Amino acid sequence: MNPPRFTFHRFWAIVLKEFIQMKRDRVTFGMMIGIPLMQLIIFGFAINADPKHLPAAIRSADQGPFARTLIVALKNSGYFNLVREAPTESEAQRLLQLGDVQFIINIPEDFSRRLLRGERPTVLIEADATDPAAVGPAVSATRALAESVFNRDLPGPLSRLRAKPGPVDFRIHAHYNPENITQYNIVPGLMGVVLTMTMVVITALAITRERERGTMENLLATPVRPFEVMTGKILPYIAVGYVQVTLILLAAHFIFHVPMVGSFMLLYGVSLFFIAANLAMGITFSTLAKNQLQAVQMAFFFFLPSILLSGFMFPFRGMPEWAQWIGTCLPNTHFLRIARGILLKGNGIAEIIPELWPLLLFLTVAMTIGVKRYRQTLD
Amino acid sequence: MAAHLPSAPADDFVIDVAGVTKRFGDKTVVNGINLQVRRGEIYGFLGPNGSGKTTFIRMLCGLLTPDAGTGTCLGYDVRTQQAEIKRHVGYMTQKFSYYEDLSIRENLDFIARIYAIPDRATVVEKSLERLGLQNRSHQLAGQLSGGWKQRLALAACLIHAPQLLLLDEPTAGVDPKARREFWDHIHQLTADGLTVLITTHYMDEAERCHRLAYLAYGNLLTRGTLDEVLTAAKLSTWTVVGPNLRVLADQLRRQPGIEQVVAFGTTLHVSGRDAIQLEARIAQIRTPAHQWTRVRSGLEDVFISLMDDAQDNFS
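These protein sequences, in sequence, are chains Z and H.
No gaps in the numbering here: position 147 of the first sequence is 147 in the numbering used here, and each next residue is one more.
No gaps in the numbering here: position 287 of the second sequence is 287 in the numbering used here, and each next residue is one more.
Just so you know, these hints were derived from the structure itself, not from any lab.
With a cut-off of at most 25 Å between alpha-carbon atoms, the simulated DSS-like pairs for lysine-lysine come out as follows:
#1 H/Lys177 <-> H/Lys149
#2 H/Lys27 <-> H/Lys95
#3 H/Lys95 <-> Z/Lys290
#4 H/Lys177 <-> H/Lys126
#5 H/Lys177 <-> H/Lys95
#6 H/Lys126 <-> H/Lys149
#7 Z/Lys290 <-> H/Lys27
#8 Z/Lys23 <-> H/Lys149
#9 H/Lys149 <-> H/Lys95
For each label pair, taking beta carbons as the anchor points, the in silico distance ranges come out as:
#10 Z/Thr364 <-> H/Asp119: 38 to 44 Å
#11 Z/His9 <-> H/Asp175: 36 to 42 Å
#12 H/Asp175 <-> Z/Arg373: 37 to 43 Å
#13 Z/Thr368 <-> H/His185: 42 to 48 Å
#14 H/Ala18 <-> Z/Phe6: 33 to 39 Å
#15 H/Gly193 <-> Z/Arg373: 39 to 45 Å
All figures in this text were calculated on a predicted structure; none of them were measured in a lab.
Quick reminder that beta carbons are idealized off the backbone N, C-alpha and C, glycines included.
My request is simple: use the sequences and hints to build the entire structure.
Following this line, the structure appears as structure tokens:
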């Protein structure tokens, strides 16, 4: 019996071969660099969770100064773009129905008069709430507006009409991202998404390809050991993963000006485990897939929950419990928290431990299944 | 035992296996094969597609573990010392299985690295030279024609100077000239002490082997030198030349005792295992219009007869 021994030269032979193949495979290489760039552009520039300048129609029956003040204030809030006036109720409804406007602001005819009388006149804001995320911030901005909008127009004795402060003074101090800038949240999260997307697919392909083209049989007939093949195939893609991480961090800093308060060394260090976890997942898929197409299909099953249930796209705590459980099993969920924690909150090793160990657990399990199944591929 | 037979010591068998069996599910693909191959021999392995040749070779080179049976390959146990076997065996797969997106040189260099060959650059250079590949060394393997791919595969599986070469249909789809060159090369290698086990469907190649084995449905049906195989088959063959051979062939096929009627251009080969019955049948049909000659059975006649027989056993 000769015990399975890891030798560096065989491992290195695989590494070099993978690099040559990577260099020759222009499309895959393009994907590895193209996907992070594309995601950066799409998520970084195109997605905004706090949409402003939404089209709105005004139906004002009151031409008084208070109505005008209200309209100007709504405009200045930045959330409304008052594109047109709707003379009638039915005209206004049609605009909403067609989607030409997102809001209709109805100011009643005796608005100014009733305001001065202290009768709390009603301003009806009708919203096209088919997309709750689109109208939410605008609606809450309007509520805040009502408290202060007329303060300047109600001097002296009229000041009794000003909004009264509530019994409790809520002070909200938004830490880490006080301006509520979506990019600060999205761009660090992109690291996890891009790595999940490319790393799983690429390893799954790299190993399935060997089997599909028959080169695996040849490889197995040489003294090379399964563990050497696996690690030799993983290493080049870890390098690619780091190129992606670096690319995103550079964009985060120079293009999106994301604050980076934590330790880069720590982030780079933790990235290794996350990249390896995804690669191990890819290897596991490759042992299950019969061909490259199947490998890609399987990767999708992993990728979708990773992007949707990890807290990247939607608030994690907003999900029902079962969805949170699924999310907790995914490495991306934990890596997102780590990446955001280090970059935005300046977390250190002590703060990320609760997220680090699930990542390591996932890596260990995926790697074990991968190696176990990989060994059985031919016999 | 070796002491009694100093001229043929036991360790002179490069391959020595007994009762080797492999099952996939409930299907027995290789059924209790015994085989001995001597050092420096070219051993031809023949048999129809799906007869278990490839599976048997995979067990010899350590890719598969036999379900039953024992034996050694290069003195290493085929069940437990697969890592050692892999180090000293060169295996050329049926399908080209080097990297098509790597150049010839990169492929050889990769294999040389895997085997940790000392002075790798020189070895790769010599290997390229020996096979006449040095002018094409930067060409991608995927762009090569069948013949060149086969040369590359041979060069690659020889790079670690193996003692045993297992070739699985190495000449399938290769033109006759390249095949001739390939065989010359194989003979040269065995003259230097290499042992070769080769599978093929070509009868001319089978005749260039020192020894042959015929496998069908996982069973080893016959083995030995060319003459031994031909004699053991006890097959009689006649040739017929003359007009309307097609009509004659149909007539012959209906006769009991006539097992094979095969057209070779303008000649028919008629064979049967019972020489007396065959001659009697022919005598009935024989007319002066046709010229009948008794010939020595060819290897192909023998193999087809063996295969038909094996099928009968299965049904």
